[in-house]
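Chemist: Letter by letter, the chains look like this.
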Amino acid sequence: ELKVEQNPLFLSMQEGKNYTIYCNYSTTSDRLYWYRQDPGKSLESLFVLLSNGAVKQEGRLMASLDTKARLSTLHITAAVHDLSATYFCAGGGSNYKLTFGKGTLLTVNP
Amino acid sequence: DGGITQSPKYLFRKEGQNVTLSCEQNLNHDAMYWYRQDPGQGLRLIYYSQIVNDFQKGDIAEGYSVSREKKESFPLTVTSAQKNPTAFYLCASSIGGAGGELFFGEGSRLTVL
Numbered sequence: 033e034l035k036v037e038q039n040p041l042f043l044s045m046q047e048g049k050n051y052t053i054y055c056n057y058s059t060t061s062d063r064l065y066w067y068r069q070d071p072g073k074s075l076e077s078l079f080v081l082l083s084n085g086a087v088k089q090e091g092r093l094m095a096s097l098d099t100k101a102r103l104s105t106l107h108i109t110a111a112v113h114d115l116s117a118t119y120f121c122a123g124g125g126s127n128y129k130l131t132f133g134k135g136t137l138l139t140v141n142p
Numbered sequence: 112d113g114g115i116t117q118s119p120k121y122l123f124r125k126e127g128q129n130v131t132l133s134c135e136q137n138l139n140h141d142a143m144y145w146y147r148q149d150p151g152q153g154l155r156l157i158y159y160s161q162i163v164n165d166f167q168k169g170d171i172a173e174g175y176s177v178s179r180e181k182k183e184s185f186p187l188t189v190t191s192a193q194k195n196p197t198a199f200y201l202c203a204s205s206i207g208g209a210g211g212e213l214f215f216g217e218g219s220r221l222t223v224l
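Those protein sequences? They're chains A and B, same order as listed. Under the numbering used here, residues 33 to 142 are what the first sequence spells out, in order. Under the numbering used here, residues 112 to 224 are what the second sequence spells out, in order.
Chain A extracted, bound-state conformation (with noise of 0.2 angstroms):
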């Protein structure tokens, strides 16, 4: 059965400042997506990533896959206030079910 563990649950940040979000999981997964969630609202797709290698950005947020070491990160670059957020990832394998951890609560301060 996959597990996945996101660490940290809690990260405050500074404006301006650089940091990055870990995603294990514990067994092979075909995929793997970040979502984001904002306080009382649904999910937001944010990435999908299919490979080894994988690598998107968008805006100050990049996430990566590296699949031999069964880990996924989300790099916030200059975080700013409108960052933050509930972050999830998700990790599947050859069926319909994703497996979501349990979330990483940012926060953003001035």
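Incorrect hints may have been included.
[Unchecked claim] Mimicking EDC-like on lysine to aspartate or glutamate, the simulated pairs with C-alpha atoms at most 20 angstroms apart in a straight line are:
| id | chain 1 | residue 1 | chain 2 | residue 2 |
| --- | --- | --- | --- | --- |
| 1 | A | Lys129 | B | Asp170 |
| 2 | A | Lys49 | B | Asp170 |
| 3 | A | Lys73 | B | Glu212 |
| 4 | B | Lys168 | A | Glu33 |
| 5 | A | Lys134 | B | Glu212 |
| 6 | A | Lys129 | B | Glu126 |
[What the hints assert, rightly or not] Just a sample of chain B residues kept apart from chain A, beta carbon distances all over 10 angstroms, derived:
| id | residue |
| --- | --- |
| 7 | Leu122 |
| 8 | Gln152 |
| 9 | Thr197 |
| 10 | Val223 |
[Claimed, not checked] Going by beta-carbon spacing under 7 angstroms, a handful of chain B positions derived as facing chain A:
| id | residue |
| --- | --- |
| 11 | Gly153 |
| 12 | Leu154 |
| 13 | Phe166 |
| 14 | Glu212 |
| 15 | Glu217 |
| 16 | Gly218 |
Just so you know, these hints were derived from the structure itself, not from any lab. Just so we're clear, the structure is a prediction, and the values are computed from it rather than from any experiment. We put the CB at the ideal spot given by N, CA and C, even for glycine.
Fit chain B to the given chain A structure using the hints.
Modeler: Then chain B, alone, in the frame of chain A:
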């Protein structure tokens, strides 16, 4: 605009009552899902359906039931057998097949009084 519509957005229920949460999608997606989210927790899969008239239990199906009579609709019933139903419920869909990205509805928040 294509998307997933969940209703109601907020629902209050007395203990012992069954309630049904609606989920409709016009994305022409084959697969649909129901997830439950509790405060400070990730999402846990309740049920999923790959095609019409077929569905499978997820990790926490006890106390819930679903139907998939139409491709665009996947309602979830929270029965009185669900011991702790207060939660945020999210419906999602995907094109289908391994590697399909999930698209989520806005969610339904159920509170049991």
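Chemist: Now tell me, hint by hint, if it's right for this structure.
Modeler: Consistency of the hints with the structure:
{"no.": "1", "hint": "A:Lys129 - B:Asp170", "verdict": "holds, 10 angstroms"}
{"no.": "2", "hint": "A:Lys49 - B:Asp170", "verdict": "violated, 38 angstroms"}
{"no.": "3", "hint": "A:Lys73 - B:Glu212", "verdict": "holds, 19 angstroms"}
{"no.": "4", "hint": "B:Lys168 - A:Glu33", "verdict": "holds, 15 angstroms"}
{"no.": "5", "hint": "A:Lys134 - B:Glu212", "verdict": "holds, 19 angstroms"}
{"no.": "6", "hint": "A:Lys129 - B:Glu126", "verdict": "violated, 31 angstroms"}
{"no.": "7", "hint": "Leu122", "verdict": "holds, 15 angstroms"}
{"no.": "8", "hint": "Gln152", "verdict": "violated, 6 angstroms"}
{"no.": "9", "hint": "Thr197", "verdict": "holds, 15 angstroms"}
{"no.": "10", "hint": "Val223", "verdict": "holds, 19 angstroms"}
{"no.": "11", "hint": "Gly153", "verdict": "holds, 4 angstroms"}
{"no.": "12", "hint": "Leu154", "verdict": "holds, 4 angstroms"}
{"no.": "13", "hint": "Phe166", "verdict": "violated, 11 angstroms"}
{"no.": "14", "hint": "Glu212", "verdict": "holds, 5 angstroms"}
{"no.": "15", "hint": "Glu217", "verdict": "holds, 5 angstroms"}
{"no.": "16", "hint": "Gly218", "verdict": "holds, 5 angstroms"}
Taken one by one, the earlier hints fail for this structure at numbers 2, 6, 8 and 13, listed in ascending order.
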